[in-house]
Amino acid sequence: MTTTTMTMAKALNEGLRRAMEKNPKVLLMGEDIGRLGGVFRITDGLQKDFGEDRVIDSPLAESAIVGTAVGLAIRGYRAVCEIQFDGFVYPAFDQIVSQVAKLHKRSDGAYIMGMVIRIPFQGGIGAIEHHSESPEPYFSQTAGLRVVSCSTPNDAYWMIQQSIEHDDPIIFCEPKSRYWEKGEVDLETPPAGLFDALVRREGTDVTLIGYGASVKTCLRAAETAQVEGTSIEVIDARSIAPLDIELMAKSVEKTGRVVVVQESPHTASVGSEIVSELTQRCFYSLRAPGLRVSGYHVPYPPTRIEEDYRPSVDRILDAVDRVMGFES
Amino acid sequence: MIDEELVQLLTPEGERVESSDYESTLNGDEIFGLYRDMVIIRRLCNESTSLQRQGQLALWAPIQGQEAAQIGAGRALAPGDFTFPTYREHGIAWCRGVPPADMLRLFRAVSNGGWDPQKYRHSVPTVVLGSQCLHAVGYAMGIQRDGAEEASMAFFGDGASSQGDVLEAFVWAASFNAPVVFFCQNNQWGISTPSSVQSKIPLYHRAHGFGFPGVRVDGNDVLAVYEVSKRALESARVGGGPTLIEAYTYRIGAHTTSDDPTRYRIDAEVEVWKHRDPVERVKALLAREYKVKNVDFDTVSQEADTMALQLREDVLAMSRPDPISMFDNAYAAPHPLIEEGRREMIDLGISGGAL
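So the sequence lines, in the order shown, correspond to chains G and Y.
Residues in the first sequence are numbered from 1216 upward in steps of one, following my numbering.
Residues in the second sequence are numbered from 317 upward in steps of one, following my numbering.
Hints are computed from structural coordinates only; laboratory data are not their basis.
Don't take each hint at face value.
[What the hints assert, rightly or not] Pairs of lysine to aspartate or glutamate residues, derived as EDC-like cross-links and limited to a Cα-Cα distance of at most 16 Å, are as follows:
1) Lys1465(G) <-> Asp1523(G)
2) Lys607(Y) <-> Asp345(Y)
3) Lys1237(G) <-> Glu1380(G)
4) Lys435(Y) <-> Asp1323(G)
5) Lys599(Y) <-> Glu329(Y)
6) Lys1240(G) <-> Asp462(Y)
[What the hints assert, rightly or not] In silico contact screen, one side only, chain Y against chain G (beta carbon under 7 Å); selected entries:
7) Tyr436
8) Val444
9) Val453
10) Arg461
11) Asp481
12) Ala649
13) His651
[Said to hold, decoys possible] Beyond 12 Å from chain Y on every Cβ pair, some chain G residues (computed):
14) Met1216
15) Asp1259
16) Tyr1326
17) Gly1341
18) Arg1361
19) His1381
20) Thr1419
21) Arg1435
22) Asp1529
This structure is a prediction, so every number in the text was calculated from the model and none was measured.
All C-beta atoms, glycine included, are put in the ideal place defined by N, C-alpha and C.
Hey, can you work out the whole structure from these sequences and the hints?
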């Protein structure tokens, strides 16, 4: 096994590089991704090595980034679009929902809409407004799209390549607050399929499910809970749509308790879907109602107070206490 | 007649006129071919309106008045070009070889598309207007990367010209010098909204602000539309970049069969434009200059009638799709929710389809 240590940002960069080497039809498009290497440097050095025709510095127009990716897909190219920040994806919402998601169906399968729309998402970097949002529930609700999120450098390296190879359009959510954290990357073997969830820590009392930046927060909560005598199983959902509900159900059959952690508000969220599915599948195993620990139902707050908005270890442990203390 | 910069080669009376920039390159047979196309597509449109009135179509979007704009542009295309239509481009679809019945599958509500867009190099209809202009630019960027001498052509109207996607498409096409032709049919009305609300300047002037040429052509003059389109496409194919063509025309009919234009425009205006009919002026030219006989015109009419009969038969034969087909092609790769939906439908006995 060949492993190497790198940041998530570097792992994404290496994953993109490998995908471009493998398939000459893969193109990158986005604002400031060429000479600058992107505002997060995810595409650093790629324009120099692959040229301006394959790493395209785009005008400042998100709908056009996605809309032209549609045309390129029709012509047989596979675009990886970078949306600079989560809050900037909404100008492209119509192209994503009305065109990208539906053209395979509308063309009776003649168009393969394989493309990846990369979105740095979630908060935690002290940015100004529109730079810390969690738009994934909007896309999870749309038939025709798939939504995934990486939480480690190894997943970032593999999931970006798997997404580029996949024939359906993928919304690829990158937890920007984890870009600079290092981890081991296995350069030979992918950790799992693109749509598989993974157990990050085994436990017996409560199943804690998160994705993106929340996974690490869940793992911290599990460590603290262990000290207090509660054994928590942590699942990284990885794929938000479709959900690997089988793996989650297997865990909840064992623990009888589930808490889902997410940064988006909880109404009509990914957590709502997970709790609903698990209630249906594991009704007789559940010893407490499934809970969600989410962002509040407010516009993302000024970031001086964002850590009181984002699910914290304390808020997760509070939810763990509630499911542990529930008496039917 | 309308604008001194309007490119026109044929008056409404069928008289040839000089243009400083363009001259007609078509011979008599070719002009007769354009006439035939326009008659057939008008007949197709009328038959479809009847089918809607008889309850056989959910909706129809007529093109009466816009036949020359569409046939002129459609016949200027080369086989390798790729077109991106709205839901009203029946004339373009005809020129691309799309079978007439397939054009009606959307309106019969048995499909969200209707034909194989890769086979005919004519994309599926866009209903959320403006989006298709960006698709055309992206496709053109693909042409550039393939080093091919081809072009894409985007169709939209005066209404959609206000959409951000159209203007973003202009920016991108200019920035990347993409081989794309933007073909705007200014038919004066976006449902009830007059084109004066969409733009305070002639639409073709907008191109200059984006950094590429714009041309206004008499959209009811098939000879002029053909030449203007041909030159713009040829320029795009050899690296000349984008062109905006504004085909100045008029929607004689309703926006769709659900619309009632008597609520927002006056008959006198429609009458003025009926005198500028795109089909009659070519017929007059053919009769006078090429001595085409009535019997030849009648042959075309009969051909159109035969097509219409066949169209009606084909449409009536389009039955309700098996409900389970809604799961086909929702995704390219297997998806658990698709399998779940299929299973449920079979369990409920809604469909006899197999997994």
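Handout entry: Violations among the numbered hints
Key = 1, 7, 16, 18, 19
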